[in-house]
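K.L.:
Now for the letters of each chain:
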Amino acid sequence: MSIGLALRDQRAELSTFRSRLLVAGLVALAAFGVLVARFVWLQVVQRAHYHTLAEANRISVVPVVPNRGLILDRNGEVLAANYSAYTLEVTPSKVGDVERAIDELAQVIEVSPRDRRRFRRLQEESRNFESLPIRTRLTEEEVARFAVSRYRFPGFEIKARLFRSYPHGDIASHAVGYIGRINEADVRRIEAAGLATNYKGTDHIGKLGIEGAYEKELHGTTGSEQVEIDAGGRAIRSLSRAEPQSGNNLVVTLDVKLQRVAEEAFQDFRGALVALDPATGDVLALVSRPGYDPNLFVDGIDPANWDALNNSPDKPLNNRALRGQYPPGSTIKPFMALAALTYGKRTPEQTISDPGHWMLPGVSRPFRDWKPGGHGVVNLHKSIVVSCDTYYYGLANDLGVDAIQRFMTQFGFGSRTGVDIDGELPGLQPSTDWKWQRFRQKWYAGDTISVGIGQGYWLATPMQLAVATATLANGGTPVHPRLVRAVQDARTQQVRELPVRLGDKLAIKPEHVELVKAAMVDVTRPGGTAVRAAQGAPYLVGGKTGTAQVIGMKAGEKYDEKRVKERHRDHALFIAYAPADAPRIALALLVENGGHGGSTAAPIAREVLDYYLLGKRPERKLPLVAEEAEGD
Amino acid sequence: MISRLFDVISRRIDGPLMVALVLALALGLTVVYSASGGASVDRVLGQARNIAIAAAALWVVANIPPQALMRLAVPIYAAGLALLVAVALFGEVRNGARRWLNLGFTTLQPSEIMKISVPLMLAWYFHRHQEGITLRDYAVAAILLALPVGLVVRQPDLGTALLIFASGFFVIFLAGLSWKVIAGAAVAGLASLPFLWGMLHDYQRRRVLTLLDPAEDPLGAGYHIIQSTIAIGSGGVLGKGWLNGTQAQLDFVPERSTDFILAVFGEEFGLAGNLLLIVLYTLIIARGLMIAANASTTFARLTAGAVTLTFFTYAFVNMGMVSGILPVVGVPLPLVSYGGTALLSMLAGFGILMSISTHKQLVSS
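Quick mapping for you: the protein sequence lines, in order, are chains A and B.
Here the first sequence is numbered in the working numbering, starting from 73 and rising by one per residue.
Here the second sequence is numbered in the working numbering, starting from 8 and rising by one per residue.
In short, the hints are calculated from the structure, not lab data.
We put the CB at the ideal spot given by N, CA and C, even for glycine.
Be aware that one or more of the hints could be misleading.
Said to hold, decoys possible - Just so you have them, the derived chain B footprint on chain A, three or more residues with Cβ under 8 Å:
| hint | stretch |
| --- | --- |
| 1 | 101-107 |
| 2 | 241-247 |
| 3 | 295-307 |
Model the full assembly from the supplied sequences, consistent with the hints where possible.
P.N.:
This is how it looks when you write it as structure tokens:
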């Protein structure tokens, strides 16, 4: 190969190389051109679109939960308050093995078995991405200890939250109710009401009692905060904030001191008491014993406590004042007497001779008076004072069940009283129509006789009895009981009184009312069935005892209290108002398995009346016993 | 005295290329600072140390004459290949990939060596057969290329394999492989795509699919691309300003100081910044191609051309993937991304370019 040829070859090779280099350079230039076009597309043409996306990435609107309104009693005593505390919360979806993470956590701060059970229960009830409390009410020291090792616990977070507390515990628990964590049924209700936006960030909602019924006033308006967040969702800084509007405070009609006196008067008995202001229908005390500690429900109740409450034979969760339906017994005799006078079936002077039983014409079975041998000659006044059954057997037969039903309905029997919390039951005021609708059965004359002494089909709640008593006490104006008297605006602090709602005055004659009330006053005097209700009191009390049978008795069988078990003993009932000439308080109460009204129920009423009218705290005395007493 | 020292230091340095490199590296440091949150200089100092080491390597390589480099081509290639085999046998597994060799005192990523040694080796081979390059020579070159590429693909490290392949392919292309063969190979490559698809790992397939429709999996594989395009797009023409990129500073951009650093840069400096970067890259590539065109031996020409075009491949693949027009493969943004290994091989490559550009007058054919 000659040098010339080699040179030519080299020149050819060089020119090939350079042309290839040129091609490569042009390709590179074209590729960069594509990139430039791409950048122009992204950064000029589509810039607004991507700007929006970037803002949406970094800005998160966080709801700011309002403070829940307080619940105050009529004297400003706090029944439901808020306090701020640290909770340790975990979002299960951010943690692989929650159980193991909690085990590890337990080495840093205390996690009790109760906390774990409660947490497990919460976990079952909620969705995985919700933040759930594992520990509440952390001390400063615990917060510090967690903070040091927080890197070990992704998905766990310390949060400062407002908690609800009920400083009086089980006192008034059935009236105040409680709040609990929002569950799926609550979510559906909130969404149906169009309140989903206002409940963003809210974990708790009123479940029962005043907390439940006045949720709208108490909750307030949720605010919002625009927060810059990073990719992990952590807030970096606040951009803007719309303050929340706290919930309104509620002033309730209860006097918590009176409430406590009333609850404690029951000692260990189960039962219910409702005390009303007869002029307004304001509920002065609402007792259902046993109560429960509403504080248990606030952070989610643990299964052990829940089972204890739910399965107890004492049924502490049952609001007996509104939901307990009992035969009213002899407490309805004053109303029966009033019906007799109003409908002209009896005159005050008319007497009967009571042999101790009453025979329904055509029926061989006698209806027995509670007093063997009877009360002798009985007029209307005496029939109330000694609680003569025979008088009312005949009266009921003369009135007929439908007239009784028509008259009693005016006093609120047989329908809900409309008290301003939920869950009330309507009781039962029987009639021929009702029996036909319910059982497709004819009403028998014998059915009416039992109704005449508040037994048979007749059922009433303690609240209904209290309303009827208040209506009688004020001379015949039906009252609508209410627990909340006023709303205090959270912003202006102005108190807005809620209107008192009264029914139309009933068509009953004042002189008839006076006759009945005079007899009720004698009930609490020597010779009456409830002497213990007013003995030595500086005011006059109008009252009436009653007994509600728990098990049915065969005719002619002597009922022996000692023989039946405690649970089968009669319920004791008592209605009262005082002072008799100008009533300021009317009440109805029931002591389950308390025996006779005069012996167990009347002393409870007395403690309530003394405290309300005289400010006198009851002295400690012998425990209540369901003793057998002469009287009904 | 000082002027002599300066002369020793700068004698083998190509001025225009060095200026462009320094500008790009300085730009890189400012973005690394921003990408590390702007709160600490640790990362910047770390990257400065990486640059210092890589610059030293550049200087050393630049002072090695091309003939000496040519003599080193075969041993380096052989050693690199042996190390790759060693990786395949005893390598350390990290993040599901076997890429590292634990030497006891340090870990080594031999695939990085191949980015330099493959073009050197192929250029050496064509230089040896420059009198008459036949199809058989191309076939030998193809095998020399396929061995390391195959080993690296198996690690698996698609990004590095792609760059090694590119560096070797550029040598073959510049050596004059006929267009017909290139076209044939391209057709064959396209035809074998379904087969290659079957060989890909799940995550690699997902990356390709994600490129086609990132919205399909916005929180999974598509997240990287979606967030980086949002960052770049929201930067607009002039950008949000240094340290002010919300996407970058609030952590929405993943891998923001390494592979996805362009998203930070594009968000904070906008289209203007991106154009500046492309201009710098274009200058570097243009200078590299000039050095290649003027080189005096076949070895020098092919090596210089391949090194330059490989640099282009780095830049294009990275910017393409971060802006959402190429699938995500682990390729850093050259001279800007945080990291020492790639920078070291890259600046060593530029050292070769400078050696070629400053030694050519001494070379006789």
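K.L.:
Hint by hint, note whether the structure agrees.
P.N.:
Status of each hint after checking the structure:
no.	hint	verdict
1	101-107	holds (count 5)
2	241-247	violated (count 0)
3	295-307	holds (count 5)
The structure shown violates just one earlier hint, number 2.
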